[in-house]
Amino acid sequence: MNRTNPTRSAIETVIRNHLPDARLSVFSAKARLNADLAIDSIMLLQLIVHLELEHGLHVPEEALLTHQLETVEDLEALLVATGNPEVSL
Amino acid sequence: MTAPLFYVDNTPYSQADCDHIVRGLAERPEFQSPAGCRFAVCLQDTAHWLALCLWLKPLGASVLPIHPGTPYPAARALAEDTGCSYLLFGEQLQEVTPETLGGVTRTASAEGGELIQLSSGTTGKAKTIARPWRDIDRELAAYVAHFTEARALTPVVACPVTHSYGLICGVLAARERGIAPHVVTNLNPRFIIARLRAVPEHLLYASPTLISLLMRMLPEQEMLHAVMLSGAPLPAPVLTQLRDRCLRLCQQYGCSEAGCVAVSADVTEPGLLGYPLPHLSVQAGASAGQPDEILITVKATGQRIHSKDLGYFDHRGQLHFLARTDDTINVAGINVYPGAVEDVFLGYPGIREAVAFKQPDAFAGERVCLRFVADSDIDTDQLRQWSRDRLSPHQVPSLIEQVESISRLPNGKVSRRLLSESLADMGQREVLA
Chain H
1 MNRTNPTRSA IETVIRNHLP DARLSVFSAK ARLNADLAID SIMLLQLIVH LELEHGLHVP
61 EEALLTHQLE TVEDLEALLV ATGNPEVSL
Chain D
90 MTAPLFYVDN TPYSQADCDH IVRGLAERPE FQSPAGCRFA VCLQDTAHWL ALCLWLKPLG
150 ASVLPIHPGT PYPAARALAE DTGCSYLLFG EQLQEVTPET LGGVTRTASA EGGELIQLSS
210 GTTGKAKTIA RPWRDIDREL AAYVAHFTEA RALTPVVACP VTHSYGLICG VLAARERGIA
270 PHVVTNLNPR FIIARLRAVP EHLLYASPTL ISLLMRMLPE QEMLHAVMLS GAPLPAPVLT
330 QLRDRCLRLC QQYGCSEAGC VAVSADVTEP GLLGYPLPHL SVQAGASAGQ PDEILITVKA
390 TGQRIHSKDL GYFDHRGQLH FLARTDDTIN VAGINVYPGA VEDVFLGYPG IREAVAFKQP
450 DAFAGERVCL RFVADSDIDT DQLRQWSRDR LSPHQVPSLI EQVESISRLP NGKVSRRLLS
510 ESLADMGQRE VLA
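Chain order of the listed sequences is H and D.
Quick note: the first sequence uses the working numbering, first residue 1, plus one each step.
Quick note: the second sequence uses the working numbering, first residue 90, plus one each step.
Simulated from the structure, these hints should not be mistaken for laboratory data.
One thing to keep in mind: the hints can contain errors.
What the hints assert, rightly or not - Calculated lysine to aspartate or glutamate pairs in the DMTMM-like style (CA-CA distance at most 25 Å, straight line):
{"no.": "1", "chain 1": "D", "residue 1": "K502", "chain 2": "H", "residue 2": "D21"}
{"no.": "2", "chain 1": "D", "residue 1": "K216", "chain 2": "H", "residue 2": "D40"}
{"no.": "3", "chain 1": "H", "residue 1": "K30", "chain 2": "H", "residue 2": "E76"}
{"no.": "4", "chain 1": "D", "residue 1": "K502", "chain 2": "H", "residue 2": "D36"}
These numbers were taken from a predicted model, which means no experiment stands behind them.
The following block holds chain H by itself, in its conformation from the complex (with noise of 0.2 Å):
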């Protein structure tokens, strides 16, 4: 658990309540969506999507999704508060 970095503990969350066909054991900062943790497109889309949802964090709308797009740390840096104070996480 990372208690350090709210958005990072918020993915790992996501991940493991949504996403049963996830690697979480191989979770960290540096660990690869697709390659490492065996995260495919619409996993990401759902991740996303729960994150917005439950956690009140976003990727702006001009955000490119890409395969520059490749780590947790690159999620992480496109995460942006979706200003609703009554987020939990």
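Here the structure of chain H is known, so what remains is to put chain D in place on it, guided by the hints.
Chain D alone, transformed into the frame defined by chain H:
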């Protein structure tokens, strides 16, 4: 400025832009006699793939489109396995040097060129399907003539255009209607919603999973315009939710060999596939009580295709899907369709997912098993009792199991066959009381 042929994300591409993308190709040795050659194409830039495809098709070349996410060794293996003469692999067309492969076969059926697709099939082993472009042109003409509701709509294609669904029904059908389709490759949900807002009279082509996710992100007061579903029919509660969030919900049915077979421009119930396209002759059961395998005959060529799907025509002539023949559960001679059982359980408060599948049984031949995912712990005895009031006796599952999650295939689909096999492997048969 000339009218765009298509858009990729925000960018319009005109004929001049496409000519620019494929410039110089005609002089290359690989493209001197493209008719009958098989070109495997794996380009990261979707606009470059589409420009190349639109250029190669009238030349009578055969094309194997490969999903842009595919790594080079896998793309090369696919190209070799399908007998391609050349592989074009890279980001954009200008930087790609066509790689010569072994296969330079020119078959009679390849006259006029073919679109080569790989079908995952149900066995897990990929099957090569080569469809002549002229068959695809017949399908396109029939699709456009038959699906009149789409005439004024702009397809927004948020699924791979290297696959027939996105390429033929999304992109090429729009071109046939003289409309520029909007292809979305950036799967950021907020971006897709912004594209849909920018094209108010849209017809969204996407996987059911993507559509469901977009609906969850869409502000409550907002609706989508028209949405196309494909693949296995959605469970009843999901269908109802989707119908509430768009003005028009369509469903189409098809397979890799035949392309699109039937379209419904208004899906009112699960399994409704609509009227068959006019270039096909389709056989199926005469009623819900007497379903039969959906058999497809291509009128122009006489090609017959076994769908391995069970279905029937209603009194109005609309085709309905009941189940994959492999998934149908035969309980003491009575057919049970998993979807019908699942829809009942999905109506129980708190149940989010339900999958019915079969297990062999010494007395009944097969029996029904059900796994479900719910928000809280559910008493399965109480649930079984509740289901007895809503199902026929042979439909009531003999095993009901609450699980944390139901695993899916890489394509997002549940495999009832794998669930059946995994349960048998786990030696849980004694649980079947």
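**Request:** Mind checking the alpha carbons of K216 (chain D) and D40 (chain H) for me, to see if they're no more than 25 Å apart?
**Result:** holds, 22 Å
**Message:** Holds or violated: K30 (chain H) and E76 (chain H), Cα atoms, limit 25 Å.
**Reply:** This hinted pair holds, its Cα atoms lying about 11 Å apart.
**Asked** When you check the alpha-carbon spacing of K502 (chain D) and D21 (chain H), does it fall within 25 Å?
**Response** Holds: K502 (chain D) and D21 (chain H) sit about 12 Å apart, inside 25 Å.
**Item:** Hinted pair K502 (chain D) and D36 (chain H), Cα distance within 25 Å
**Value:** OK: K502 (chain D) and D36 (chain H) at ~22 Å, within 25 Å.
The structure agrees with every numbered hint stated previously.
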